[in-house]
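Generate coordinates for the entire structure from the input sequences, incorporating the hints supplied.
There are 2 protein chains.
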Amino acid sequence: DIVDSIAAALAAGPLSGQHILVTSGPTHEPIDPVRYIANRSSGAQGSAIARALVALGARVTFVTGPAQVPPPDGVQVVRVQTARQMQEAVTQALPADAAVFAAAVADWRVAREVTSKIKKDAAGTLPVLEFTENPDILAEVAQMGAGRPALVVGFAAETDDVVAHARAKLARKGCDWIVANDVRPETGIMGGDENAVTVLSAEGADSWPRMSKDAVARKLAARIAQALST
Amino acid sequence: DIVDSIAAALAAGPLSGQHILVTSGPTHEPIDPVRYIANRSSGAQGSAIARALVALGARVTFVTGPAQVPPPDGVQVVRVQTARQMQEAVTQALPADAAVFAAAVADWRVAREVTSKIKKDAAGTLPVLEFTENPDILAEVAQMGAGRPALVVGFAAETDDVVAHARAKLARKGCDWIVANDVRPETGIMGGDENAVTVLSAEGADSWPRMSKDAVARKLAARIAQALST
Numbered sequence: 001d002i003v004d005s006i007a008a009a010l011a012a013g014p015l016s017g018q019h020i021l022v023t024s025g026p027t028h029e030p031i032d033p034v035r036y037i038a039n040r041s042s043g044a045q046g047s048a049i050a051r052a053l054v055a056l057g058a059r060v061t062f063v064t065g066p067a068q069v070p071p072p073d074g075v076q077v078v079r080v081q082t083a084r085q086m087q088e089a090v091t092q093a094l095p096a097d098a099a100v101f102a103a104a105v106a107d108w109r110v111a112r113e114v115t116s117k118i119k120k121d122a123a124g125t126l127p128v129l130e131f132t133e134n135p136d137i138l139a140e141v142a143q144m145g146a147g148r149p150a151l152v153v154g155f156a157a158e159t160d161d162v163v164a165h166a167r168a169k170l171a172r173k174g175c176d177w178i179v180a181n182d183v184r185p186e187t188g189i190m191g192g193d194e195n196a197v198t199v200l201s202a203e204g205a206d207s208w209p210r211m212s213k214d215a216v217a218r219k220l221a222a223r224i225a226q227a228l229s230t
Numbered sequence: 001d002i003v004d005s006i007a008a009a010l011a012a013g014p015l016s017g018q019h020i021l022v023t024s025g026p027t028h029e030p031i032d033p034v035r036y037i038a039n040r041s042s043g044a045q046g047s048a049i050a051r052a053l054v055a056l057g058a059r060v061t062f063v064t065g066p067a068q069v070p071p072p073d074g075v076q077v078v079r080v081q082t083a084r085q086m087q088e089a090v091t092q093a094l095p096a097d098a099a100v101f102a103a104a105v106a107d108w109r110v111a112r113e114v115t116s117k118i119k120k121d122a123a124g125t126l127p128v129l130e131f132t133e134n135p136d137i138l139a140e141v142a143q144m145g146a147g148r149p150a151l152v153v154g155f156a157a158e159t160d161d162v163v164a165h166a167r168a169k170l171a172r173k174g175c176d177w178i179v180a181n182d183v184r185p186e187t188g189i190m191g192g193d194e195n196a197v198t199v200l201s202a203e204g205a206d207s208w209p210r211m212s213k214d215a216v217a218r219k220l221a222a223r224i225a226q227a228l229s230t
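Here the protein sequences line up with chains A and B, keeping their order. Residue numbers 1 to 230, in our numbering, belong to the letters of the first sequence in order. Residue numbers 1 to 230, in our numbering, belong to the letters of the second sequence in order.
It is worth saying that the hints were derived from the structure and are not from the lab. There may be inaccurate statements among the hints.
[Said to hold, decoys possible] Only part of the chain A face toward chain B is listed, based on derived beta-carbon distances under 7 Å: (1) Ile37; (2) Arg40; (3) Ala67; (4) Leu129; (5) Glu130.
Glycine included, every Cβ here is placed at the ideal spot set by N, Cα and C.
This is how it looks when you write it as structure tokens:
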């Protein structure tokens, strides 16, 4: 109707009319009612990417784990805790023209979550935790048949052999791009304001200089807009 | 000197001149550079207790894990991540007239922290985590000889048989009081604004009605002031 047309005209960025799914933040995988396994993602890079996509006119569904950084304005927010909840929210959010999987999803969860607080047993023996694999959300979406987003972007947080691990991940997952970064504690990237990424695709590896996470987000959003327009 | 005397006169609450140590928040125990084990403590109750003690004139050292709730004004803040760091900070903060251990310290940590991100091995086998015991900060301070605070208060977060477990903890740790609460998810206490506690001591069990965490803190601070004055 006319209101939508006016809104569209006002928001006439290069991503106007496109629906983009962005995942962000960590997941929390429960061990028992009081303990969980988490990872150090602050959600800063995912929030910045969603904000940059909105600024280019995209409609963004933002599926976020328990992040420290709040979601940007202007997105539809879906809050989850675990990888399985994130998988469900992603499925619900499709179809999308592009999907950017910036969340640091736990690869595994505790095999047997218990409903009472774990204690030492009578002999004073400590628990041993066994794990089971979480769903691989990136691979599932990247390898969909009908309904696959035209562009599927994964992230790789690595501590060594960053580009080699990311190159292997690109092939294994079947996504279009991998945004790889080095999260060794001494880089200060995890939890910090800056990022230094390499964007890998079938066309090659594009290493960007270290810059703010906002600047990485704007550069990535511009590259996504270009990819969806061709 | 005269400035101190004036400051003391202005702050002439019942805890004026007393140094109280308060621990608060969760601890984070690293698994590898990107993953850690955490617990659901928000730090809300510990922050409220420290604030209530300051309001009664105490000098408070506030040793806090990575909490969601900020420290109150007017305390000396010491920030830590792990149980071992908290133990070190507590040792540094002593002597104290009273010590309130409101932190949800992890009972155990991963036996072998690794410095590279854990991956599945070549056979696709998932990791098994083994644990080792963390220092028992409450028991260590409660069982000190010379230099023990006159009043040592522990907390017990339980999911079943709350009072029985807390009674056993009081005896095992050697502290003066245990503040016990029920953290089953359905109570909404962990991460919420309210608390329902039972204060156990050699004199018996005192169950308080459900009230705000601020009200619990004021009631506990008043009880601490009374105990230190007799």
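Violated hints - listed by number, lowest first: Number 3 only.
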